[in-house]
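Terminal number for the sequence shown in full-length UniProt numbering: 315, no gaps in between.
Careful: at least some of the hints might be erroneous.
[Unchecked claim] Simulated crosslink set (DSS-like; lysine-lysine; CA at most 25 Å straight-line):
no.: 1; residue 1: 83; residue 2: 38
no.: 2; residue 1: 303; residue 2: 272
no.: 3; residue 1: 232; residue 2: 303
no.: 4; residue 1: 303; residue 2: 265
no.: 5; residue 1: 310; residue 2: 269
no.: 6; residue 1: 121; residue 2: 144
Bear in mind the hints are in silico, worked out from the structure with no lab data behind them.
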Amino acid sequence: MQGSPLHFDKKLSIIVAVHNLEDLIGRCLESIKNCLCKVSSDDYEVLLIDDSSYDSTPSILKKFLKENESFIYIRKEFRSLGKVKKYAVEVSYGEYITFVDGDDFLSDFSMVEILDFLAYKKPDMLISKLNEVRKESDIIERSKLLSSVELHRDTAIKEFLIHKKFQAHSCGKFFRRELFYGNNFSEVPFYEDALLFPLLLVKCNNIHYTEMKYYNYIKREGSLSNSINEIKVNIMAEVILITDKTFGEKFRNLTACHAIELIYKYGDKLSKEYSDSIYEIINSLSTLRFILDSNVRFSFKRKFMKIRKKIGFQR
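Based on the provided sequences and hints, a complete structural model is requested.
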């Protein structure tokens, strides 16, 4: 990874991406500050990357920094969340890296527990369960580190592709810095996590998963992730192609479920090039193996057979 530190000055880097969040960033910052209150300031850094904000966000961040020296404010004009995260990884100095979106916030917990766990178990990746917040009553106010389960890489890949326990979000996870060597975020405006996560996961030898929910992940109607257009759909297709290339034939049935879902939901928005590539993945499936695969939900098997009947298959 170009620009990576030659040594680790900190145990943890917390990277916060911010853009025009004057009404929300205060809660995010206070939640991070609270969970770090028992951690030595020598052990962590919080990088606040302000990407092109033109509301009062910059003044809020600068005011907060006056009382919190371990928080670092950096102003950039990237206009790309992927570029923000890529840059932040390159300039950070933590042995472990975690991410917080500026419109989300953390529950009240002690980061000491996490740092002690990371020092003892030395995982390549610690994955926690996100708490999705659609209304005020969904918020988790307090949490604590629960016992973790060590996942074999293949098990983690399967769990990721099934999307029950965790997905590709960079938030709610702690990554060993070395995972980013040779890999970093794509300079795209969205889905940067999904493009990178398979490449990080396949490099892991020591993965831990905990049911702890400390990350309040805000789901808003009309947000970037909820409004779909042709550009986003084509990036979704690119995610599936990277996932298939990274995990290979061993996991193709599960990867193909995502391809099938994309065709069903947004096939009319795909470019011809991406449409052909996505259908190629589906076309490569062995019908019998796919239908008999117990890891594939029945709904995907039904959709697969409809696609197969509609256009015909070689296998």
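Discussion item. Need the status of pair residue 232, residue 303: alpha-carbon distance at most 25 Å?
Written reply: holds, 22 Å
Worksheet entry | Proposed proximity, residue 144 with residue 121 (alpha carbon, max 25 Å) | holds, 17 Å
Discussion item. Check the hint pairing residue 303 with residue 272 against an upper bound of 25 Å on the C-alpha distance.
Written reply: Given that 25 Å is the threshold and the Cα spacing comes to 21 Å, the pair holds.
Discussion item. Just to be careful, I want the Cα atoms of residue 83 and residue 38 compared with a cutoff of 25 Å; is the pair within it?
Written reply: Violated, at about 32 Å.
Worksheet item: Does residue 303 pair with residue 265 here, judged by a C-alpha cut-off of 25 Å?
Response: It holds: about 11 Å lies between the C-alpha atoms, which stays within 25 Å.
Worksheet item: Does residue 310 pair with residue 269 here, judged by a C-alpha cut-off of 25 Å?
Response: holds, 19 Å
Violated hint: 1 only; the structure is consistent with all others.
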